[in-house]
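Respectively, the protein sequence lines represent chains A and B.
Numbered according to the numbering used here, the first sequence terminates at residue 114, and the numbering increases by one at each position without gaps.
Numbered according to the numbering used here, the second sequence terminates at residue 114, and the numbering increases by one at each position without gaps.
Since the hints were derived computationally from the structure, they do not count as laboratory data.
Hints are supplied without guarantee of correctness; some may be wrong.
What the hints assert, rightly or not - In silico DSSO-like cross-links for lysine-lysine, where the CA-CA straight-line distance does not exceed 30 Å:
(1) B:K5 with A:K9
(2) B:K56 with B:K5
(3) A:K71 with B:K5
(4) B:K54 with B:K37
(5) B:K37 with A:K57
(6) A:K57 with B:K71
(7) B:K37 with A:K9
(8) B:K56 with B:K71
(9) B:K71 with B:K54
(10) B:K56 with B:K68
(11) B:K54 with B:K5
(12) B:K37 with B:K68
(13) B:K5 with A:K57
(14) A:K71 with A:K9
(15) A:K14 with A:K57
(16) A:K57 with A:K9
(17) B:K54 with B:K68
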Amino acid sequence: NAGVTQTPKFQVLKTGQSMTLQCAQDMNHNSMYWYRQDPGMGLRLIYYSASEGTTDKGEVPNGYNVSRLNKREFSLRLESAAPSQTSVYFCASSAQDANTGELFFGEGSRLTVL
Amino acid sequence: DQQVKQNSPSLSVQEGRISILNCDYTNSMFDYFLWYKKYPAEGPTFLISISSIKDKNEDGRFTVFLNKSAKHLSLHIVPSQPGDSAVYFCAAPRLTDSWGKLQFGAGTQVVVTP
Numbered sequence: 001n002a003g004v005t006q007t008p009k010f011q012v013l014k015t016g017q018s019m020t021l022q023c024a025q026d027m028n029h030n031s032m033y034w035y036r037q038d039p040g041m042g043l044r045l046i047y048y049s050a051s052e053g054t055t056d057k058g059e060v061p062n063g064y065n066v067s068r069l070n071k072r073e074f075s076l077r078l079e080s081a082a083p084s085q086t087s088v089y090f091c092a093s094s095a096q097d098a099n100t101g102e103l104f105f106g107e108g109s110r111l112t113v114l
Numbered sequence: 001d002q003q004v005k006q007n008s009p010s011l012s013v014q015e016g017r018i019s020i021l022n023c024d025y026t027n028s029m030f031d032y033f034l035w036y037k038k039y040p041a042e043g044p045t046f047l048i049s050i051s052s053i054k055d056k057n058e059d060g061r062f063t064v065f066l067n068k069s070a071k072h073l074s075l076h077i078v079p080s081q082p083g084d085s086a087v088y089f090c091a092a093p094r095l096t097d098s099w100g101k102l103q104f105g106a107g108t109q110v111v112v113t114p
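Go ahead and model the full structure; you've got the sequences and the hints to work with.
Now the structure itself:
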């Protein structure tokens, strides 16, 4: 099983450009998440989706939009990238009834905004 | 407002000795805690968890201790092995309807030396 797959793994953008990070999971999980990791900050939740067709804001949603295209896919879009969005982005999924907080993460997408 | 704190950014330990990682939290409503392990260029992976109804949970070389009165938990790795060199994150579910919405500490980088 591939688990959680993210693309691209690396991206360099100029300020103001837009891009979409793609995420897909093959574990039949209902819930999916986007986190960002910054030095000294741990991981912070950007958006999450409890099930297909639903999305909700996390801790740091400003500057981002998401789409839960179907049960497998959850994309994160930066409409107008800013240097403050330079970070490593992780997509994750979990079984909705797990009630344990155990997440399965992708390998991450490193984004640099110049 | 970081409610989960890991105040030691790094820890160096000799192979075969004990590694002790600490985590403090400020929200007394947290009742479940997790530890994640992260290697470079990979996503975090779940390591071990503990419910607030317990004060200890053990899984092989890994033991997590919870002191609710002190709002403190620790992860013990005995004996430490070179493959344990990684960043360790402490996390707790936010108090909402989704257990995957985690609050993470900043992480502790563990280096196990031969």
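Hey, B:K5 versus A:K9, does the alpha-carbon distance stay inside 30 Å? Holds - the C-alpha atoms of A:K9 and B:K5 are around 29 Å apart, at most 30 Å.
Check whether the Cα positions of B:K5 and A:K57 lie no farther apart than 30 Å. holds, 23 Å
Taking only the CA atoms, is the gap from A:K57 to B:K71 under or equal to 30 Å? holds, 28 Å
Given the proposed pairing of B:K37 with A:K9, does the C-alpha separation stay at or below 30 Å? holds, 20 Å
Regarding the pair B:K56 and B:K71, is the alpha-carbon distance no greater than 30 Å? Within the cut-off at roughly 14 Å; holds.
For the pair supplied as a hint, B:K71 and B:K54, confirm whether the alpha-carbon distance does not exceed 30 Å. holds, 13 Å
Assess, step by step, whether the Cα of B:K54 is no farther than 30 Å from the Cα of B:K37, and give holds or violated. holds, 22 Å
Verify the proposed pairing of B:K56 with B:K68, using a straight-line Cα cut of 30 Å. holds, 11 Å
30 Å Cα cutoff - pair A:K57, A:K9: The given pair, whose Cα atoms are some 24 Å apart, holds under the 30 Å limit.
Decide if the proposed pair is consistent with the structure: A:K14 and A:K57, CA atoms, cutoff 30 Å inclusive. holds, 25 Å
A:K71 paired with A:K9 [C-alpha distance capped at 30 Å]: Given that 30 Å is the threshold and the Cα spacing comes to 22 Å, the pair holds.
When you check the alpha-carbon spacing of B:K37 and B:K68, does it fall within 30 Å? holds, 23 Å
Hint check: a violation occurs at hint 3 only; the rest are consistent with the structure.
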